[in-house]
Each structure stands twice: as structure tokens, then as C-alpha cells.
Amino acid sequence: MVNNAVETQALRVVRGGNVVLRDLDLVVPAGSVTGLLGPSGCGKSTLMRTIVGVQAIASGSVSVLGRPAGSADLRHRIGYVTQSASVYDDLTVRENLRFFGQVLGVRAERIRTCLEQVDLVQQSDQVVGRLSGGQRSRVSLAVALLGEPDLVVLDEPTVGLDPVLRQQLWGTFHELAAAGAAVFVSSHVMDEAERCHRLLLMREGAIIADDTPDGLRRRTGTTDIESAFLSIVKGEEVH
Amino acid sequence: MTPRILLAVAGRVLNQIRRDHRTLAMLLVLPCALMTLLWWMFDDLTFRALGPALLALFPFIIMFLVTSVTTLRERTSGTLERLLAMPMGKLDFLGGYALAFGLVAAVQSALAVGLSVLVLGLDVQGPVWMLTLVAIADAVLGTALGLFVSAFARTEFQAVQFMPAVVIPQILLCGLFVARDAMPAVLGFISDLLPLSYAVDAMQGVAQDIDLAEITRDLGIVVAFAAAGLALGAVTLRRQSA
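From first to last, the protein sequence lines are chains A and B.
Counting from 1, one number per residue, gives the positions in the first sequence under our numbering.
Counting from 1001, one number per residue, gives the positions in the second sequence under our numbering.
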């Protein structure tokens, strides 16, 4: 049996009079890395915010770890990284982790473990505002990992990172998935798609494909995900 | 409400202030400098009349500004959204801010009151510690109102402009310029509805050592306004956006 961390049914989200998500049916399985790909502005962030429970839904349903999204008892179990690093610039890396760790009620040892996971041990006593953009987003990621979440939602976590670090982070995502967590990552960089177990392609608030990277290439007769995406978009416009 | 989380928020806010040396210096030195300026400007009699009211104004104004800007920063930087997606109660968040700024106000007022009484010769008939207590209540009031109005500002530029809208009318009507019972009836009535009026009454009450019951009543009203402000602030913190 596949254990799904997230299941949506006919999920519809309306913001400021615009339909941002159109009747989405999708699942994010536990124990694997699921990628959410699509051009910017297609609704990726809104979908992630809905799963995390900070975005109200118009109709349909979102179930997260067997509970409706936004339930109070889910707050311990989800790690969420927004596009902008949501951390305090005027505190050091360690002070940030200590504060969020106190809110989550985790043991002090977790701070060291999470710093190691994002490779920030050396910078731990530096003020976040003086770090590079990539380092700041890793602080934000470390905060998301503090509570040993069952579901990790990452909104474009690798933007602005160098290739070595990106590779390293994808390694971390796979470790988390291997340990049983569901990892849900968005990106508009198509070459990152290859590293996901499963891909959801999104366009204008709808899911236009849900497959493995291999499956997508085979189905469209292409050699890379970018061409596969374009081929599917073209196919849709013909219909 | 979880005390562990409330204390974590308060500790974090104090840590942020501690790292910001310029803000810390202004918080502690500015009220003292302004009291000294006042003492220098006026003769002893006028200074004694105005001094207590000003000791009520500083913590209120400063905490209003500091809180509205810092909370707005939490709202726009995404840290508030992150905290509300964690097991953080709204009252933990607001209470943590109120506690941290209340402590800062305690130190700030202790310095300003100490300087005024010991060095500048401000005449206080009632217990001096009560001046500090009223000042702390004022600071929490400023914090509560600042938290509330920050919900209606999208930028720090807008937040700062709530000061002339919310704070200055209260300063004009609190009895500092014209005694409250000498105002036109309508303005006197409005003055009765504004929290700062009671804060100033309480300060002047302590200075002149009028009936302790009356001072306690005024102080109670200030605390009630602060609690109402925090409750309204809690309503403006939303876990979900529409």
C-alpha cells in the first residue's frame, strides 16, 4: 500500500477574485521526493501554502498526514521553507535555530544535527544578515528540519545556490525521503527534475502531467524534461 | 498559551534589541536626555507640573513605534507565517512581545525616573516606584496598540505614519496642554475615552500623592486598554490568508 502524505481532491483556491488552483487532484507519497515543476506564477507557491495550511481553500479538500490541512496537530509534523528565507537577519545562525527549536520544543542536540545537514557549522555564530543568499536559504532549511518533520515542503530551495551545494542539498532531500519523510520540492529549473522520484508538471493552476522523469520522457519521445514539458503544453493546446 | 514559547519569543526579541546597539542606546538614553532638556527649558515649578506627564508619554510613544515596525517586519519577512505554521499560540507571540518590551520599559523608566527625582529635583509626593509601575503599564499599552495598528500597514513607511494618527491626538487631549476639565465638553468627553489620559492622570496622581485608590483605578484602566489592544492584536494575526 502506498502511504500518501498529501492527498487533494478537486482542490480549488481563489485569491483576489482569480482562480489560482483549478480542481487539483494529486498525491504526494511518503518516503519519496516529489517535484513540482512549472513556470513562475503558475500556482506552485499557492499549492504549497495550501498544503502547509496557511492558505484558505475555496472548495475541494486537502488531507495532510491523514488530517485536514491546517489542523493544529499538524504544526509539529510539517517543515516548510518559503521562497524568501523566513529567518531573523539580526540574529546569528545558532540563535535562529535555538529560538525556533524552543518554539517546537526540540532537544538542543537537534540544532547541531541540522547545522551539519545544511553544512553551516562553521557559520553558526555569524549574524544571518551578513551571510550570502545561498547560506541564508540554508538557515531557513535547517529551521524546517528541526522538528524532524514527516512532510517537508520546500518552495524553490535551490535558487541562487552553486552546483556543488545544490547537489549536496538534493542528497539531503533523498536522505530525508529514505528515512520515510515525504519531500515535496518546487522548482522552475527543469534540470532539477531528474533528481525527483516523481514529477508533477503544473501550468496555469492545473496539473498537466504526473509521472516519473523516465515515464515523461518515454511518453513524449523526448530526451529531457524541458522538451517533455513543452511537448505536453503543445499537445494540450491542440486539443 | 505555552509559557515555554512565550518566554522564547521574549528572549528572542530582547536578544535582537541587544544586538542593535543604536536602538538600545536610543531606548535608554533618549528619555533621560529629553527630561534634562525639559528641566533646562522650564523653571522649577513648570518642570514639576509637566515632568510626570512626560514620564508617561515616553514609554508609550517609543514602544508604540518600535512595536509597530518590528511586528510589521515579522509580517513581511515571512517569519510570522512560519511561526503560525508552528505550534505557536497567538497569545504566546503577543505576550512574548509585551513581556520583552515591558522589561525594556522598566529599565528605561527606572533610568528616567531616577534621573528626574535624584538629579533634576522632580518633586514626587507619592511612592517613587509607582512612577515606574505606571510607566511599564504605559509601555505595554504602547506595545499593544502598536501590534494592533501594524496589521493595517503594508510598509514600514505606513506604519510610522500611524503615530500622528493614533498617538498625537492622545498627547493633545491627555491634559498636558489644557487641563482635562477645562476643555470644551466634547473634547473632554473624547479625552475620557483615550487611554493615555488615564496614564497621565496616574503619573500626576503619584507626583501629587492624591488618593491611592484613584491612582490604582487609573492604572487599572490603562492595563484594561492594554489587554483589549492585545486581544484585538490577536484577532489580526491570521493563520490562513484568504
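What the hints contain is simulated information worked out from the structure, not anything from laboratory work.
If you're wondering where the values come from, they're calculated on a predicted model, not measured in any experiment.
Honestly, I wouldn't trust all of these hints.
According to the in silico footprint, chain B covers these stretches of chain A (three or more CB under 8 Å from chain B) [unchecked claim]:
| hint | stretch |
| --- | --- |
| 1 | 50 to 56 |
| 2 | 69 to 81 |
| 3 | 93 to 101 |
Ideal placement from N, C-alpha and C gives every residue a C-beta, glycine not left out.
Which of the listed hints are not met by the structure?
none
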